[in-house]
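Asks: Given next are the chains, with one letter for each unit.
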Amino acid sequence: MRRYFVRKLLIYILTFFVAVTVDWMIPRFMPGDPVSILISRAGLRGSAVDTMYAYYTGVFGLDVSILHQYFNFWAALLRGDLGISIYLFPTPVTKVIMAAVPYDAALLLPAILLSWWAGNKFGAFAARSKRLDNTLLPAGYVLTGTPYMWLGILLAWAFCIVWRVFPIAGGYSFDLRPHFSLIFIWSLIQHWFLPFASLFLVQFGGWAIGMRNLIIYELEADYSHYLEALGAPRKLIRRYAFNNAILPQLTGLALQLGVIVAGALATEVVFAYPGIGYLILQAIHNEDYFLLQGCFLFVVIGVLLANFIIDIAYVIVDPRTRAGMQGGAA
Amino acid sequence: MKKKNEFLYFALRNTKLRIGLSVVLFFLVLTFVGPLLTPYAPADFVGPSASPPSAQYWFGTTTFGEDVFTQFVHGLSSTFLVGIVGGGLGTLLGMIIGFTAGYRGGVLDEVLNILTNVVLTIPVLALLVVISAYAKVRGVFIESLFIGFTAWPWAARAIRAQTFSLRARDFVDLAKLSGMKPVKIVFTEIAPNMASYLFMTFILMFGGAILTAATLDFFGLGPTQGTSLGMMMNLAVLWSALTLGMWWWFIPPGLGITAIVGGLYIMNVGLDEVFNPRLREL
Chain A
4 MRRYFVRKLL IYILTFFVAV TVDWMIPRFM PGDPVSILIS RAGLRGSAVD
54 TMYAYYTGVF GLDVSILHQY FNFWAALLRG DLGISIYLFP TPVTKVIMAA
104 VPYDAALLLP AILLSWWAGN KFGAFAARSK RLDNTLLPAG YVLTGTPYMW
154 LGILLAWAFC IVWRVFPIAG GYSFDLRPHF SLIFIWSLIQ HWFLPFASLF
204 LVQFGGWAIG MRNLIIYELE ADYSHYLEAL GAPRKLIRRY AFNNAILPQL
254 TGLALQLGVI VAGALATEVV FAYPGIGYLI LQAIHNEDYF LLQGCFLFVV
304 IGVLLANFII DIAYVIVDPR TRAGMQGGAA
Chain B
5 MKKKNEFLYF ALRNTKLRIG LSVVLFFLVL TFVGPLLTPY APADFVGPSA
55 SPPSAQYWFG TTTFGEDVFT QFVHGLSSTF LVGIVGGGLG TLLGMIIGFT
105 AGYRGGVLDE VLNILTNVVL TIPVLALLVV ISAYAKVRGV FIESLFIGFT
155 AWPWAARAIR AQTFSLRARD FVDLAKLSGM KPVKIVFTEI APNMASYLFM
205 TFILMFGGAI LTAATLDFFG LGPTQGTSLG MMMNLAVLWS ALTLGMWWWF
255 IPPGLGITAI VGGLYIMNVG LDEVFNPRLR EL
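As you go down the protein sequences, you meet chains A and B in turn. Using the working numbering, you'd call the opening residue of the first sequence number 4 and step up by one each time. Using the working numbering, you'd call the opening residue of the second sequence number 5 and step up by one each time.
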């Protein structure tokens, strides 16, 4: 078990290191110089350009050697300093993102957990049932093929514009200020529901299909046939099949995390939901690169944390990893 | 020869494969025929602004008076290009890394395994967003390359595992004894034994690349020239097509993507049943 965790941790540390390095490299090695862009936006000319160029280079710490810049970047990062947002000047990027994180957590955690649970249950139920297989599973495939934002757009259009049941934009009603009251909480829930529902639906289809396929494989395995030959009840065999099929689904969840988070970011854009996805859109429109890079790092950290939690869950679910045998998705 | 016939027999009999393939082929044909059906170019301001679908403007017009149908059929070609180039590159890289790691083993395997796991854990789309935001000029082709270069890890992992189990078989030992070169062994002895799997990997990569590109385009980071389905959705949302009730602007692009990717996935299940007799029993 120790070997399993050490190995996982090593990979996560390495991933974080690579992510930070890439985050540092992109603005410095991409064609096009951010400082020139800033100056051209200011519309300066003549000697003012040179003065401002020197000034910005100094302010952004670009006048020291590349290696030195790299270490400075890490030092600032470890202090929690990701620079100042241009879009919400002069708020620090860390502060801007921290205000958005609760919305992402509220959206992603229930959507991921509930869809995984419900999808697995439903997929196991639908396996080897001819009618469900031929009607609902194609629907599941279409759902997994749906771009998250498009389902979001459809839901927003149907429920907010056509039927006017839900509010369309924001994290809470625009005429409220954040405070602790029933009205405010109700407003939060109303604005939360549709983004949550679109995330839930797309994922649900994927998990249901995955589980259905795995159950079919398991029911064809030797141990299932053996149990059947012994005359074990169908329900018992299915339960064993389910317990075995849940492991790859857990690995699948870890693999899907990046895609799910990306889907959530896009969904937030549709509903103007004030999470990190919405910040990314604003950062792109306002050319706020510090904010953009900060969002990227926060997403990386979130995904790494979630991966680590799934690893712990894996140890609980799969006895082989505890016994120190080969197992898990190392 | 007989085996080929058997494959065709099961392939043609499989409803899922037939449905999926027809949907994808329909859109592929539309990609080539569509631009001939419309007299306009995607960026032309051709008609009244925001008019609903009519005999003249099949899918209606945008707020600026562009023809949605024209944009749709031109966007389809971006979609297929991203699928083929991005999915193809992803599969190719997955094969190279998977075969190398699985067949060579040892330290090289260990290093490639760590590399795979690292790229697998990084949230790729967030990374692509940052890269694209800094790229001032973006084409569909460059976008596809970016997607391909980040999409390979899961395929590499699966191919490595399969290669690993095939490597220990007798026929591979025999090939080694006869003095065959490793590259040749991989391509003539190992790869053919997992050809069906490789093909299905490509299909999944194809669909995945399309979805990734759509999300990227939706953030406004799509190609700077030309049009794409994701960009259409981006502009529709940006210009409040939702609140204005202009459903004809945002439904076709999403529906196109969903149909193509959903069709690919259903086709994949059908293929799985054709290749794998165990699943065929129903």
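A hint or two may mislead.
Unchecked claim - Examples of chain A residues toward chain B, derived with CB under 10 Å:
(1) Tyr-15
(2) Val-104
(3) Ala-108
(4) Leu-112
(5) Thr-138
(6) Pro-141
(7) Asn-216
(8) Tyr-243
(9) Asn-246
(10) Ile-249
(11) Leu-253
(12) Ala-257
(13) Ala-265
(14) Asn-310
(15) Ile-312
Claimed, not checked - Residues from chain B that face chain A, not an exhaustive set, calculated with beta carbons under 10 Å:
(16) Phe-36
(17) Val-37
(18) Gly-92
(19) Leu-96
(20) Leu-97
(21) Ile-100
(22) Thr-219
(23) Ile-255
(24) Val-273
Said to hold, decoys possible - Derived list of chain B stretches under chain A, where covered just means 3 residues or more per stretch with a C-beta under 8 Å from a C-beta of chain A:
(25) 136 to 143
(26) 185 to 197
(27) 220 to 229
(28) 236 to 246
(29) 262 to 269
Since the hints were derived computationally from the structure, they do not count as laboratory data. All residues carry an ideal CB built from backbone N, CA and C; glycine is no exception.
Asks: Indicate, hint by hint, whether the structure satisfies it.
Replies: Taking the hints in turn, this is what the structure says about them:
About 7 Å separates the beta-carbon of A:Tyr-15 from the nearest beta-carbon of chain B, less than 10 Å, and the hint is met. At a threshold of 10 Å, the smallest CB-CB gap from A:Val-104 to chain B is about 14 Å, leaving the interface hint violated. Taking 10 Å as the C-beta contact cut-off toward chain B, the hint placing A:Ala-108 at the interface is violated, the least distance being around 16 Å. Here the hint on A:Leu-112 is broken, as its CB sits about 16 Å from the closest CB of chain B, past 10 Å.
Violation of the interface hint for A:Thr-138 is found here, the shortest Cβ-Cβ separation to chain B being roughly 13 Å, above the 10 Å cut-off. Interface restraint check for A:Pro-141: the shortest CB-CB distance to chain B comes to about 6 Å, inside 10 Å, so the restraint holds. At about 8 Å, the closest approach between the beta carbon of A:Asn-216 and any beta carbon in chain B falls short of 10 Å, and the interface hint on this residue holds. Hint status for A:Tyr-243: violated, given a least beta-carbon distance of 18 Å to chain B, over 10 Å.
For A:Asn-246, the suggested interface contact is broken, since its CB lies about 21 Å from the closest CB of chain B, more than 10 Å. Interface hint at A:Ile-249: violated, since its Cβ lies 19 Å from the closest Cβ of chain B, which is beyond the 10 Å cut-off. Taken as an interface hint, A:Leu-253 does not check out: its beta carbon lies about 15 Å from the nearest beta carbon of chain B, beyond 10 Å. For A:Ala-257, the suggested interface contact is upheld, since its CB lies about 8 Å from the closest CB of chain B, less than 10 Å.
The restraint placing A:Ala-265 at the interface with chain B holds, with a minimum CB-CB distance near 4 Å, inside the 10 Å limit. For A:Asn-310, the interface hint holds, since its Cβ comes within 10 Å of a Cβ in chain B; the closest pair sits about 6 Å apart. The criterion of a C-beta within 10 Å of any C-beta in chain B is not met by A:Ile-312, whose closest approach is roughly 13 Å, and the hint is violated. A cut of 10 Å between beta carbons decides the hint on B:Phe-36: the least distance to chain A is about 22 Å, and the hint is violated.
The closest approach between the C-beta of B:Val-37 and any C-beta of chain A is roughly 23 Å, which is over the 10 Å cut-off, so the hint fails. A least Cβ separation of about 19 Å between B:Gly-92 and chain A goes past the 10 Å threshold, and the interface hint is therefore violated. Checking B:Leu-96 against chain A by beta carbon gives a least distance of about 20 Å; that is not within 10 Å, so the hint is violated. With 10 Å as the threshold, the beta carbon of B:Leu-97 stays out of range of chain A, its nearest partner Cβ sitting at about 17 Å, so the hint is violated.
Of the supplied interface hints, the one on B:Ile-100 is violated, with its beta-carbon coming no nearer than about 20 Å to a beta-carbon of chain A, more than 10 Å. At a threshold of 10 Å, the smallest CB-CB gap from B:Thr-219 to chain A is about 5 Å, leaving the interface hint in force. At its closest, the beta carbon of B:Ile-255 sits 8 Å from a beta carbon of chain A; the interface hint therefore holds under the 10 Å criterion. A distance limit of 10 Å between C-beta atoms decides the matter here; for B:Val-273 the minimum to chain A is near 7 Å, and the interface restraint holds.
For a cut-off of 8 Å, the count of residues in the stretch 136 to 143 of chain B with a CB near a CB of chain A stands at 4, and the three-residue condition holds. Only residues whose C-beta sits within less than 8 Å of a C-beta in chain A count toward coverage, and the stretch 185 to 197 of chain B has 0 of them, not enough to reach three; the restraint is violated. Counting residues of the stretch 220 to 229 of chain B whose beta-carbon sits less than 8 Å from any beta-carbon of chain A gives 4, enough to reach three: the coverage restraint holds. Interface restraint, the stretch 236 to 246 of chain B with chain A: holds (4 residues with C-beta to C-beta distance below 8 Å; minimum three).
Proximity of the stretch 262 to 269 of chain B to chain A, defined as three or more residues with a beta carbon under 8 Å from a beta carbon of that chain, is established by the 8 residues found.
Checked against the numbered hints given earlier, the structure breaks hints 2, 3, 4, 5, 8, 9, 10, 11, 15, 16, 17, 18, 19, 20, 21, 26 and satisfies all the rest.
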